[in-house]
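> Chains S and D, in that order, give the protein sequences.
Each residue of the first sequence is one higher than the last, beginning at 1 in my numbering.
Each residue of the second sequence is one higher than the last, beginning at 1001 in my numbering.
Derived from the structure by calculation, the hints contain no laboratory data.
One should not assume that every hint holds.
Said to hold, decoys possible - Pair ranges (Cβ atoms, derived):
(1) Ser1097(D) to Asp68(S): 28 to 34 Å
(2) Ser1047(D) to Pro34(S): 22 to 28 Å
(3) Ile157(S) to Gln1166(D): 37 to 43 Å
(4) Glu33(S) to Glu1110(D): 36 to 42 Å
(5) Ile106(S) to Asp1172(D): 27 to 33 Å
(6) Glu1110(D) to Tyr148(S): 37 to 43 Å
(7) Thr102(S) to Thr1039(D): 50 to 56 Å
(8) Glu1094(D) to Pro85(S): 31 to 37 Å
(9) Asp1172(D) to Tyr27(S): 26 to 32 Å
(10) Ile26(S) to Ala1073(D): 37 to 43 Å
(11) Gly1082(D) to Glu149(S): 51 to 57 Å
(12) Lys104(S) to Phe1040(D): 49 to 55 Å
Said to hold, decoys possible - Listed next, the in silico DSS-like pairs over lysine-lysine satisfying Cα-Cα at most 30 Å (straight line):
(13) Lys1143(D) to Lys91(S)
(14) Lys144(S) to Lys1065(D)
(15) Lys139(S) to Lys1196(D)
(16) Lys65(S) to Lys1164(D)
(17) Lys1027(D) to Lys144(S)
(18) Lys119(S) to Lys1196(D)
(19) Lys1196(D) to Lys58(S)
(20) Lys91(S) to Lys1106(D)
(21) Lys58(S) to Lys1105(D)
(22) Lys119(S) to Lys1065(D)
(23) Lys58(S) to Lys1065(D)
(24) Lys1127(D) to Lys58(S)
(25) Lys91(S) to Lys1065(D)
(26) Lys1065(D) to Lys104(S)
(27) Lys1198(D) to Lys65(S)
(28) Lys1196(D) to Lys91(S)
(29) Lys119(S) to Lys58(S)
(30) Lys1106(D) to Lys98(S)
(31) Lys1164(D) to Lys119(S)
(32) Lys91(S) to Lys1105(D)
(33) Lys1106(D) to Lys1081(D)
(34) Lys1143(D) to Lys1027(D)
Just so you know, these numbers come straight off a predicted model, no measurement behind them.
Built from N, CA and C at the ideal position, the CB exists for glycine as well.
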Amino acid sequence: MKARIIIIIFTLLIIASFRSARAIEIYNFRDLEPLLNKSNDTTYVIHFWATWCVPCLKELPEFNKFADKHSQQKIKIILVSLDFPRHIDNKLIPFIEKHKITSKVIVLDDPNQNYWINKVSPDWSGAIPATLIYKNQFKRFYEKSLTYEELVSIININN
Amino acid sequence: MKQLIVSIVFALSIYAVNAQGYEIGDKAADFRLKNVDETFVSMKDFSDARGFVVIFTCNHCPFAKAYEDRIIAIHNEYSQKGMPVIAINPNDPEVVSADSFEEMKKRAKEKNFPYPYLVDETQEVYKQYGATRTPHVFVLKKKHDDLIVSYIGTIDDNYQDASKVQTRYLADALDALLEGKSPDPAVTKAIGCTIKTKK
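Looking at chain S on its own, in the form it has when it is part of the complex:
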């Protein structure tokens, strides 16, 4: 009986450790910056959002659909969450799991926003959602919600 309890506890511990293995990487802007300046044949969609941002949550299914329908193309979607790091385990990860988000999610935690917002785009005032889409010299920035159709048409401008 005692052995069985130990096995159960042990199993639970393993499950728990797998869950935290899903941990999301926390970036500062220096870590993120190279992802904004790649030059290859991939289109990068860098989307800034947070679980506390109501319009972002309405918009994310559009990005999910876009990711699913373009999985065969050279498009890389990175969902940059601006959630507070203390909310990763209790808000961000449950949200990602519930909505079956398959795109890469990272957390950007860099307080020096006055520096890095302009580096993402001088056109960005700092409101989210915001999205940078680029491929080599082609670059577009949107400080608003985007629909699936808009995402498709932006990608098609350059293809």
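Mind docking chain D on chain S? Use the hints.
Okay, now just chain D, sitting in the frame of chain S:
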């Protein structure tokens, strides 16, 4: 022809976006908005003020919440020097119910806001100023009868932890203005919540 019309409309829409909102040096318009105590507040009511710290903020946004205590501290320090805070909630409560007038009253009472907390019911004032997010600060300096936009942006450089702030952009701007200097930087950026409007 159709293409021409499309490009004209496009050009106009870009113009409309750029034409909205104040830049440093612009004259700001006064407003008359309802306060949480049911009175109406205008800047012309403050005849002794040397200027104003107009902050578009709200109840629900985590960044706005994170800054509440710091906004109170700014007001307590600078209203004595003639630069009081006026907070304005620009959000449509039909989009975010936490930002309704009743909820604003509750929050003002809970936190004992020492400054007016006004509602931009018609959502015209935030558009005129060019606020895009909460919190979004506009410092106005009185010059004769005009209110000159002198600083636009954020409060400081650490939204998460007030104890780790390195640069107090807003306080520095106010100190500069009180000494008769121009704030540097006069424009700063920060992440915030979009202003909520019905589409």
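> None of the hints should be skipped; say for each whether it holds.
Evaluated hints:
no. : hint                                : result
1   : Ser1097(D) to Asp68(S): 28 to 34 Å  : 33 Å, holds
2   : Ser1047(D) to Pro34(S): 22 to 28 Å  : 55 Å, violated
3   : Ile157(S) to Gln1166(D): 37 to 43 Å : 41 Å, holds
4   : Glu33(S) to Glu1110(D): 36 to 42 Å  : 41 Å, holds
5   : Ile106(S) to Asp1172(D): 27 to 33 Å : 32 Å, holds
6   : Glu1110(D) to Tyr148(S): 37 to 43 Å : 41 Å, holds
7   : Thr102(S) to Thr1039(D): 50 to 56 Å : 53 Å, holds
8   : Glu1094(D) to Pro85(S): 31 to 37 Å  : 33 Å, holds
9   : Asp1172(D) to Tyr27(S): 26 to 32 Å  : 28 Å, holds
10  : Ile26(S) to Ala1073(D): 37 to 43 Å  : 29 Å, violated
11  : Gly1082(D) to Glu149(S): 51 to 57 Å : 52 Å, holds
12  : Lys104(S) to Phe1040(D): 49 to 55 Å : 50 Å, holds
13  : Lys1143(D) to Lys91(S)              : 48 Å, violated
14  : Lys144(S) to Lys1065(D)             : 22 Å, holds
15  : Lys139(S) to Lys1196(D)             : 27 Å, holds
16  : Lys65(S) to Lys1164(D)              : 40 Å, violated
17  : Lys1027(D) to Lys144(S)             : 28 Å, holds
18  : Lys119(S) to Lys1196(D)             : 26 Å, holds
19  : Lys1196(D) to Lys58(S)              : 13 Å, holds
20  : Lys91(S) to Lys1106(D)              : 26 Å, holds
21  : Lys58(S) to Lys1105(D)              : 28 Å, holds
22  : Lys119(S) to Lys1065(D)             : 26 Å, holds
23  : Lys58(S) to Lys1065(D)              : 22 Å, holds
24  : Lys1127(D) to Lys58(S)              : 24 Å, holds
25  : Lys91(S) to Lys1065(D)              : 18 Å, holds
26  : Lys1065(D) to Lys104(S)             : 29 Å, holds
27  : Lys1198(D) to Lys65(S)              : 24 Å, holds
28  : Lys1196(D) to Lys91(S)              : 22 Å, holds
29  : Lys119(S) to Lys58(S)               : 26 Å, holds
30  : Lys1106(D) to Lys98(S)              : 33 Å, violated
31  : Lys1164(D) to Lys119(S)             : 23 Å, holds
32  : Lys91(S) to Lys1105(D)              : 28 Å, holds
33  : Lys1106(D) to Lys1081(D)            : 28 Å, holds
34  : Lys1143(D) to Lys1027(D)            : 10 Å, holds
In this structure, the earlier hints numbered 2, 10, 13, 16 and 30 are contradicted, and the remaining ones agree with it.
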